[in-house]
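What follows is the residue order along each chain.
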Amino acid sequence: MAIDTSNLPDSLKFIYSHLDVRTDFAGYSGVVITDVDEVDQIRYIVRKIRSNNDEKISLLPIILHTSLKTLPSSLENMVDLLISDLVSQGMQVADVVAGIQTAIQRMAPIQKATRYEDHVLTRALRFVYTRNRKTLNPAINDDGPVGYVHSFLTQFMDREYSLDQYDMLKLALREGLFTSEFVDVIYLCNKCHSGALMYREACPNCQSTHLVHEDIIHHFPCAYVGPQQDFVIAGQEQDLICPKCDKRLKHIGVDYDKPSSIFTCQKCDQRSQHPVVVAKCCTCLHDNPVEHLIKREVFKYHITAKAVHNAVQGTIFSMDNYINIPGTLPKDVFQVLIRQEVERMKVAKIESHMAAIELVNLVDLFNRIGPDAQTTLLTELINVIREGLKSVDIISIENSSIILLGLLERKHDEAINIISNLIVELKRLVRDNYKGFEVQINFNLNKLATHRDAAEQYRSLLEEKTKA
Amino acid sequence: MIEEFFAYWQAKGFLVFLRVFWFFIFFEFTRYILIDYIVIIYYTIKRKLNQRNWDLARNALWVEKPLVSVIVPGRNEGDNLFTLVRSLSEQTYNNLEIIVVDDGSDDQTPLIGRSLMKSGMITLFLRNEDRGGKASAANLAWRFAKGKYIVHLDADCSFHFNAIESALIPFYMDERIGGVGGSLEVRNGLKNLCTILQRIEYLKTISLGRIVTSTLGIYGIISGAFGVFRADVLQKVKGWDIGPGLDSDLTTKIRKAGYKVHFEPDAIGLTNVPQTFSKLANQRLRWNKSVIRFRLRKHGGLFVANEHFSFANMFASAESIVFGVIFNILWYINIFDQMIHYPRELLFIFPMSILLYMIGNFIRFFVVLALSHEDFQERLKLLPFLPLMVFYNGFYMRVVRTIAHMSELFFWTSYKDSWNPRKTSVHARKMNI
Numbered sequence: 001m002a003i004d005t006s007n008l009p010d011s012l013k014f015i016y017s018h019l020d021v022r023t024d025f026a027g028y029s030g031v032v033i034t035d036v037d038e039v040d041q042i043r044y045i046v047r048k049i050r051s052n053n054d055e056k057i058s059l060l061p062i063i064l065h066t067s068l069k070t071l072p073s074s075l076e077n078m079v080d081l082l083i084s085d086l087v088s089q090g091m092q093v094a095d096v097v098a099g100i101q102t103a104i105q106r107m108a109p110i111q112k113a114t115r116y117e118d119h120v121l122t123r124a125l126r127f128v129y130t131r132n133r134k135t136l137n138p139a140i141n142d143d144g145p146v147g148y149v150h151s152f153l154t155q156f157m158d159r160e161y162s163l164d165q166y167d168m169l170k171l172a173l174r175e176g177l178f179t180s181e182f183v184d185v186i187y188l189c190n191k192c193h194s195g196a197l198m199y200r201e202a203c204p205n206c207q208s209t210h211l212v213h214e215d216i217i218h219h220f221p222c223a224y225v226g227p228q229q230d231f232v233i234a235g236q237e238q239d240l241i242c243p244k245c246d247k248r249l250k251h252i253g254v255d256y257d258k259p260s261s262i263f264t265c266q267k268c269d270q271r272s273q274h275p276v277v278v279a280k281c282c283t284c285l286h287d288n289p290v291e292h293l294i295k296r297e298v299f300k301y302h303i304t305a306k307a308v309h310n311a312v313q314g315t316i317f318s319m320d321n322y323i324n325i326p327g328t329l330p331k332d333v334f335q336v337l338i339r340q341e342v343e344r345m346k347v348a349k350i351e352s353h354m355a356a357i358e359l360v361n362l363v364d365l366f367n368r369i370g371p372d373a374q375t376t377l378l379t380e381l382i383n384v385i386r387e388g389l390k391s392v393d394i395i396s397i398e399n400s401s402i403i404l405l406g407l408l409e410r411k412h413d414e415a416i417n418i419i420s421n422l423i424v425e426l427k428r429l430v431r432d433n434y435k436g437f438e439v440q441i442n443f444n445l446n447k448l449a450t451h452r453d454a455a456e457q458y459r460s461l462l463e464e465k466t467k468a
Numbered sequence: 469m470i471e472e473f474f475a476y477w478q479a480k481g482f483l484v485f486l487r488v489f490w491f492f493i494f495f496e497f498t499r500y501i502l503i504d505y506i507v508i509i510y511y512t513i514k515r516k517l518n519q520r521n522w523d524l525a526r527n528a529l530w531v532e533k534p535l536v537s538v539i540v541p542g543r544n545e546g547d548n549l550f551t552l553v554r555s556l557s558e559q560t561y562n563n564l565e566i567i568v569v570d571d572g573s574d575d576q577t578p579l580i581g582r583s584l585m586k587s588g589m590i591t592l593f594l595r596n597e598d599r600g601g602k603a604s605a606a607n608l609a610w611r612f613a614k615g616k617y618i619v620h621l622d623a624d625c626s627f628h629f630n631a632i633e634s635a636l637i638p639f640y641m642d643e644r645i646g647g648v649g650g651s652l653e654v655r656n657g658l659k660n661l662c663t664i665l666q667r668i669e670y671l672k673t674i675s676l677g678r679i680v681t682s683t684l685g686i687y688g689i690i691s692g693a694f695g696v697f698r699a700d701v702l703q704k705v706k707g708w709d710i711g712p713g714l715d716s717d718l719t720t721k722i723r724k725a726g727y728k729v730h731f732e733p734d735a736i737g738l739t740n741v742p743q744t745f746s747k748l749a750n751q752r753l754r755w756n757k758s759v760i761r762f763r764l765r766k767h768g769g770l771f772v773a774n775e776h777f778s779f780a781n782m783f784a785s786a787e788s789i790v791f792g793v794i795f796n797i798l799w800y801i802n803i804f805d806q807m808i809h810y811p812r813e814l815l816f817i818f819p820m821s822i823l824l825y826m827i828g829n830f831i832r833f834f835v836v837l838a839l840s841h842e843d844f845q846e847r848l849k850l851l852p853f854l855p856l857m858v859f860y861n862g863f864y865m866r867v868v869r870t871i872a873h874m875s876e877l878f879f880w881t882s883y884k885d886s887w888n889p890r891k892t893s894v895h896a897r898k899m900n901i
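One line per chain: the protein sequences are E and P, in this order. First residue of the first sequence: 1, per the working numbering; consecutive thereafter. First residue of the second sequence: 469, per the working numbering; consecutive thereafter.
Since the hints were derived computationally from the structure, they do not count as laboratory data. Mixed in with the good hints, there may be bad ones.
[Claimed, not checked] 25 Å max Cα-Cα, derived DSS-like pairs, lysine-lysine:
no., chain 1, residue 1, chain 2, residue 2
1, E, Lys300, E, Lys170
2, P, Lys586, E, Lys244
3, E, Lys250, P, Lys849
4, P, Lys514, P, Lys728
5, E, Lys267, P, Lys616
6, P, Lys586, E, Lys191
7, E, Lys295, P, Lys586
8, P, Lys898, P, Lys766
9, P, Lys586, E, Lys280
10, P, Lys659, P, Lys898
Working from the sequences, and respecting the hints, build out all of it.
As structure tokens, this is what we get:
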């Protein structure tokens, strides 16, 4: 169908189907999705653009020209303008595209992030900044499993409905990038993180939901207590007859009452008054005891000046003390111990070293495997390093791709040997666990000097370029 | 002074001594010392001779290894449940199901009970939102019990590691046994004077006294705190009726149904006793009222010669009435007799009376010590408190007992006791049960 583009900016890329996302976007100032009326197709196209590694593409303004009356709010948050008529709304499109492009030009190039979370959050901040959005509302997730989705963030994530978005937002809150306002609470399946749950009473023994409830009757005169069925005699079903004293029960509250009820599981015959509540996940069919459900608080977020600053500068925020891997020391403690070692060297005449090991392309792997596996991998890397060191040696994590070592009372040759062996082992570990991925490792080894300040030596170790 | 005292009684001679202290010599000494000693000697010999039977019965128990249901009815007993359950988990006999019934507690009991069930430490936790009384709670637990034997426990008790096994063995020695009572000792027995005196009382009355009555075949109360019953026998007697005193009532029903009841001193449980004399008085008022209510009123037919008449059952009921009620009355008669006929000699009579009871207490306690094993040293420490038992038993308990008997006999006060909810007491009173 021919489209009248007379009122539109020249540099718009038109997409007519999901197949068009394979084409080159370079040089365009915006994207118009038109003639695509399938929500899933629209979502696919938008995500393809937003998740592009090239920020020039991922931040492109997206205009949706559609006859659809309503869109899922999660999708609506990802597009920049929704129009029904390209001709009459052409000026509007031009304004939106110009506004976004101007904001993009104000921003410095994005810096390389070392961690998946940093990478995603920085891109999200830059998206929010270029769209001049001050408040970020979670959207009810009408077609995905996690209840609420924060599209401004998840559009840059590999898995749109991942629980990771909540952890990332928590991290961003702690870093002062947002302030928050409580919206809701969600409960998710502990196996697949889906929020589509069915709540049912179940047997505490076998989890079966096939339960039969009965009232318990207490007959006052003879103190007999039992399920109502005990009081029903064949042929006299309309009456309740006490099985102990054969008297007919007359008046509830006067000669009998029902102090409780009990259920019997039809599967395992277990009796109990306290069925457990289990939530069956409609996605993976896992039965979650409610106390095992994952609980997350949902907020709407207001961006802070710090977030705007980070977005414009393209800088990632600090992740000090975020990584807490067993066997490592916090950075400040590491620095204190290095300072003490320098003092000790002055009197003991010993030789000690400090080393930085940089796993250069590890962030690519982190982006692939997600944050949970990232922590696991880091833990395993640290374990390998710890095994190659003496117990007096110290380890700290500068960031997820730089690991610092304090090699105490080691000659230079010995320290070189240790580092070389560690590099071999670390490469082997990554290779064995992630087929096809070869980690590139550089290192920098400095002998601690007694005439230099320890903090200065620490800084220079990180600033000097690590060697392959 | 002391010389004058003994010279006085020497001068009076044995006949006057007999005339003044007829109650002690003919009743107290005969029943509690003479008969006790004879029976205990007989019991000890019989126990030794029966050792092989005991071993065979134990083997039979382990070969069959039946499911045993432990039922624990109670109200506001949450704090005690964990101690109880732990002692049950340590039992040598471990084919147990534990059913706890919370009779309308208003404390943390539901929370504790549910968490114990969830953690698998008890089999079933049941709760009645409205309190129905001890009997209804026991009946509810029993209704859902699946065991061949039912062990009824109080929640504030804990048990020696072999208590349940020891209580089960008698069932395999004599198939006519329908119920076995365990022995109860005092757990908080060193807390204060009140609990020390109760500890001595429990050793003498409950441990020793019940060995005697059980050996004589007139054992009348399987304690609610620790009793084991055959499930089929409980079915025949239709469980527990409204209390207070439901344990002696159930024991009597089992006897009337033609079964024997047995006291097993090796099945030992520990219980907490009241720590103040006022609380103790309340407890004993309740216990003693049940003698009138159940022995005399509800089961008074045991004294009537009919087709169900049994001497053993009659004596079992008579034992508590005679020694609990009639002995009490005779003691007052003896006191009045002394005051009327020997008003000027009371200064010599009263100290002699104290001395006689004190000697009696020591003689009885020697049996307790003789039957002690590993607890011997502990029990020896109680000796200095024995003289106080004269006042505890002779005056304090006697007064409490008298008040209980009179108030129940003339005013039916047990039906107004808040121990039972009013909704059930009203019906019990209406039916005179």
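To see whether the hints hold, each was checked on the structure:
no.: 1; hint: E:Lys300 <-> E:Lys170; in the structure: holds, 12 Å
no.: 2; hint: P:Lys586 <-> E:Lys244; in the structure: violated, 32 Å
no.: 3; hint: E:Lys250 <-> P:Lys849; in the structure: violated, 59 Å
no.: 4; hint: P:Lys514 <-> P:Lys728; in the structure: holds, 18 Å
no.: 5; hint: E:Lys267 <-> P:Lys616; in the structure: holds, 24 Å
no.: 6; hint: P:Lys586 <-> E:Lys191; in the structure: holds, 22 Å
no.: 7; hint: E:Lys295 <-> P:Lys586; in the structure: holds, 22 Å
no.: 8; hint: P:Lys898 <-> P:Lys766; in the structure: holds, 13 Å
no.: 9; hint: P:Lys586 <-> E:Lys280; in the structure: holds, 20 Å
no.: 10; hint: P:Lys659 <-> P:Lys898; in the structure: violated, 42 Å
In the structure shown, a violation is registered for the earlier hints numbered 2, 3 and 10, in ascending order.
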